[in-house]
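A.B. asks: What follows is the residue order along each chain.
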Amino acid sequence: MSVDHKKNIIEVSNVSFSYDNVEVLKNISLAIHQGDYISLIGPNGGGKTTLLKIMLGLIKPQSGEIKLFGEKIENFKHWSKLGYVPQKAINFDPLFPVTVREVVSMGRFGKKGLLNWLGKTDEKIIDRALQQVQMSQYADRLIGNLSSGQQQRVFIARALAGEPEIIFLDEPTVGVDTKNQEEFYSILTDLNKNLNITLILVSHDVDVVSQQVTELACLNQTLIYHGEPNKFMKGHYLENIYGKNSRLVDHKH
Amino acid sequence: MFELFQYSFIVRGLEAGILIGLIAPLIGIFLVLRRYSLIADTLAHVSLAGVAIGLLLKINPLWTALGASALSSIAIERLRTSKKIYGETALSIFLSGSLALAIVLIGLAHGFSVDLFSYLFGSIVTVQQTDIYIIFGLSVLIALSIFLFYKELVYIAFDEEAASVSGLPVKLFNTLFVLLAAIVISISIPIIGILLISALLVIPTITALQLKQSFKMTLFWAELISVFSVVSGIFISYYLDISSGGTIVLIMLLIFGLVLLLKGKIISKRNQ
Chain A
1 MSVDHKKNII EVSNVSFSYD NVEVLKNISL AIHQGDYISL IGPNGGGKTT
51 LLKIMLGLIK PQSGEIKLFG EKIENFKHWS KLGYVPQKAI NFDPLFPVTV
101 REVVSMGRFG KKGLLNWLGK TDEKIIDRAL QQVQMSQYAD RLIGNLSSGQ
151 QQRVFIARAL AGEPEIIFLD EPTVGVDTKN QEEFYSILTD LNKNLNITLI
201 LVSHDVDVVS QQVTELACLN QTLIYHGEPN KFMKGHYLEN IYGKNSRLVD
251 HKH
Chain B
254 MFELFQYSFI VRGLEAGILI GLIAPLIGIF LVLRRYSLIA DTLAHVSLAG
304 VAIGLLLKIN PLWTALGASA LSSIAIERLR TSKKIYGETA LSIFLSGSLA
354 LAIVLIGLAH GFSVDLFSYL FGSIVTVQQT DIYIIFGLSV LIALSIFLFY
404 KELVYIAFDE EAASVSGLPV KLFNTLFVLL AAIVISISIP IIGILLISAL
454 LVIPTITALQ LKQSFKMTLF WAELISVFSV VSGIFISYYL DISSGGTIVL
504 IMLLIFGLVL LLKGKIISKR NQ
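Sequence order for the protein chains is A and B. Our numbering applies: residue 1 is where the first sequence begins, and numbers increase by one. Our numbering applies: residue 254 is where the second sequence begins, and numbers increase by one.
Keep in mind that the hints were calculated from the coordinates and are not lab data. These numbers come from a predicted model, not from an experiment. Incorrect hints may appear among the rest.
Straight-line C-alpha distance at most 25 Å; calculated DSS-like pairs for lysine-lysine [stated by the list, open to error]:
| id | chain 1 | residue 1 | chain 2 | residue 2 |
| --- | --- | --- | --- | --- |
| 1 | B | Lys424 | A | Lys77 |
| 2 | A | Lys60 | B | Lys424 |
| 3 | A | Lys77 | B | Lys404 |
| 4 | B | Lys424 | A | Lys81 |
| 5 | A | Lys60 | B | Lys337 |
| 6 | B | Lys404 | A | Lys111 |
| 7 | A | Lys72 | A | Lys120 |
| 8 | B | Lys404 | A | Lys120 |
| 9 | B | Lys337 | B | Lys469 |
| 10 | A | Lys124 | B | Lys404 |
| 11 | B | Lys424 | A | Lys111 |
| 12 | A | Lys7 | A | Lys231 |
| 13 | A | Lys60 | A | Lys72 |
| 14 | A | Lys6 | A | Lys77 |
| 15 | A | Lys26 | A | Lys72 |
| 16 | A | Lys67 | A | Lys77 |
| 17 | B | Lys465 | A | Lys67 |
| 18 | A | Lys120 | B | Lys469 |
| 19 | B | Lys336 | A | Lys81 |
| 20 | A | Lys112 | B | Lys336 |
| 21 | A | Lys77 | A | Lys60 |
| 22 | B | Lys465 | B | Lys518 |
| 23 | A | Lys179 | A | Lys193 |
| 24 | A | Lys72 | B | Lys424 |
| 25 | A | Lys81 | A | Lys120 |
| 26 | B | Lys469 | A | Lys111 |
| 27 | A | Lys112 | B | Lys424 |
| 28 | B | Lys469 | A | Lys112 |
| 29 | A | Lys124 | B | Lys336 |
| 30 | B | Lys336 | A | Lys60 |
Here are some chain B residues the structure puts well away from chain A; computed CB gaps all over 10 Å [what the hints assert, rightly or not]:
| id | residue |
| --- | --- |
| 31 | Leu348 |
| 32 | Leu361 |
| 33 | Leu421 |
Where is the CB? At the ideal position from N, CA and C, for every residue including glycine.
For reference, chain B alone in the conformation it holds in the complex:
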């Protein structure tokens, strides 16, 4: 099997995949517990508009995707907290708005030389060596931020009001958090694809939640599921010559199904 490591794109794909597999649950667990999973989908569509801008202007689309989703994440958070509109409508405005922008931009460019399909569903072939450096740098930044502000983020996710009374700058942390989410989403595009990013962020956490453990252990299991799915998904997609994003998500769903099934069996055994 080791002959596949001779292909540099596979190595790059695995490197990027492991990094993303590691950081996705760090953000995903907070998104799920704060009932904010939909922002992942929204920022992914915003990233598509960013990718389109990048391709049009011939800039590395990773940068434009990052810029677009970072700016939008702050705008969404502002709209949400201003309470001028409902939180989830802020999300749908950005979701459909950015999709509209992406479609128009793609139309203006009369199609791209790059396969748009690989951005929608993930393809490790698009990962360039410079992307690896960017993904690595940003992954370190995200892991470090979560590590440093772990206790505050957990407190805010669990009880925002009490966290605020205790003097924590809740607004600042909320903005920081959506910004981190935006970064994770943008750098996940090459591996998992725009349409499947929320699955990457959400499924490992909801699977780990079924195990009913402490916060730290839940995060640990989510990490394990996430990295395993990403790595095995990249291998399988290479051998079967299929999209990496789809394969990864299906593996995650398979694990989720198995956990639910086993859990049901254990509970019914206990009740016997």
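With the rest of the complex left out, here is chain A:
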């Protein structure tokens, strides 16, 4: 698959969102291109997860427009192009009786559609997804018995099983120790570089993701920065976000 890094696969235009009367996102416009590896960063309550959920169609913004693969989200039908690794992945019910394989196979369900059973091809894709995250040997273990780093990899495999073009990850490394974080990020880099999967990663850990991703978007109600991580002047922006003078300045770059 050739990757056109200029092709917009997600377009967010003038999106605003409030919970009750609290404005979380204000006039956000952002384009994500094919093959991007982008991290949405910003303080807690800055609207990162909200924007992610808007892009996934889980919540509707009060104003603005979202386009996925050139189609308005309201008319979008090809949901299997999207993979999702929710934040909940680390808070899910550890007593839920499912094996790793059962979890990963869930990733095929959307693609198969209603009333279709998984067949041999699906099983092969599930096997491959497990291999890609190096979890094949745990296929028959209960998900609740794994470490949080391993669980997180299983959730990536679940997303991969749907053969997506984009994977959305919401704070995927929370609760994962440093060593496993490194392995986790090397898997993500592999997916982005070798499988050309576009990755959108919500994180609050600016230092770690800056070394991994190719693009950063910094959100604190407004979009403060969008560009290469090495041009992101952390001190400057952090001051804007957390500084004593907490009034926000909207930088138009």
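Given the coordinates of chain A, assemble chain B onto it according to the supplied hints.
C.D. replies: Structure of chain B alone, referenced to chain A:
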């Protein structure tokens, strides 16, 4: 022991019991895992109001119970997802509201010729031949629905958000599911009784969960426990002349206790 099969009510009771024993875990496992067990109690009380309406209007109470719980299940689901009130308060409104309605209706009728006790605690004597046909038809419908939408229901129970992102019509499935739960609850009344229905739905699943198996195996064990308890409960209740519902639930609890005990022993042995 086979002389008891000469009594047609025992045969009918067993037929209905086996059907209900088979379908209860199919719904119960999803109720337990979605932390939604209380809806069983609520819909059971709604069914009581339905039974009262049926007795008052001289319609087969199974139909009125079904209608009342089906309508209420959809209303509860709407209230829950509207987020206007907390999910569990939706349940308590319906639970106490329908109990109030049932009591008033029973009062208006100045008591019934039928023993209300048998509806509250289950008595196979109340099972009519037409009930068997209704229970059979609806059991097939439920088993078929769960079979056809098994993968979607498992996905939604495990991770509703991801299921929604993958394009599954989550709302539709949630409504379908509570509707199926309402049907199971209504048709279980004659065997297990209104006050004990949630035990029938919940205990076999929580027992099977202790075994820590895959989803399919958990369902398998829940089925085994459920059918065994219902069948043995009906036999024992006949011989001892006691309520079938109470007996079934006590057998289920006994199995649950045994499993917990054995599990504790196995774990402590392993740690030695």
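A.B. asks: The structure should be examined with respect to each hint, and the outcome stated for every one.
C.D. replies: Status of the hints after comparison with the structure:
no., hint, result
1, B/Lys424 with A/Lys77, "holds (17 Å)"
2, A/Lys60 with B/Lys424, "holds (16 Å)"
3, A/Lys77 with B/Lys404, "holds (20 Å)"
4, B/Lys424 with A/Lys81, "holds (21 Å)"
5, A/Lys60 with B/Lys337, "holds (18 Å)"
6, B/Lys404 with A/Lys111, "holds (12 Å)"
7, A/Lys72 with A/Lys120, "violated (34 Å)"
8, B/Lys404 with A/Lys120, "holds (16 Å)"
9, B/Lys337 with B/Lys469, "violated (36 Å)"
10, A/Lys124 with B/Lys404, "holds (18 Å)"
11, B/Lys424 with A/Lys111, "holds (19 Å)"
12, A/Lys7 with A/Lys231, "holds (22 Å)"
13, A/Lys60 with A/Lys72, "holds (12 Å)"
14, A/Lys6 with A/Lys77, "holds (23 Å)"
15, A/Lys26 with A/Lys72, "holds (20 Å)"
16, A/Lys67 with A/Lys77, "holds (12 Å)"
17, B/Lys465 with A/Lys67, "violated (43 Å)"
18, A/Lys120 with B/Lys469, "holds (19 Å)"
19, B/Lys336 with A/Lys81, "violated (30 Å)"
20, A/Lys112 with B/Lys336, "violated (32 Å)"
21, A/Lys77 with A/Lys60, "holds (16 Å)"
22, B/Lys465 with B/Lys518, "holds (15 Å)"
23, A/Lys179 with A/Lys193, "holds (21 Å)"
24, A/Lys72 with B/Lys424, "holds (21 Å)"
25, A/Lys81 with A/Lys120, "holds (21 Å)"
26, B/Lys469 with A/Lys111, "holds (22 Å)"
27, A/Lys112 with B/Lys424, "holds (19 Å)"
28, B/Lys469 with A/Lys112, "holds (20 Å)"
29, A/Lys124 with B/Lys336, "violated (41 Å)"
30, B/Lys336 with A/Lys60, "holds (16 Å)"
31, Leu348, "holds (25 Å)"
32, Leu361, "holds (45 Å)"
33, Leu421, "violated (6 Å)"
Hints 7, 9, 17, 19, 20, 29, 33 from the list above are not met by this structure, while the remaining hints are.
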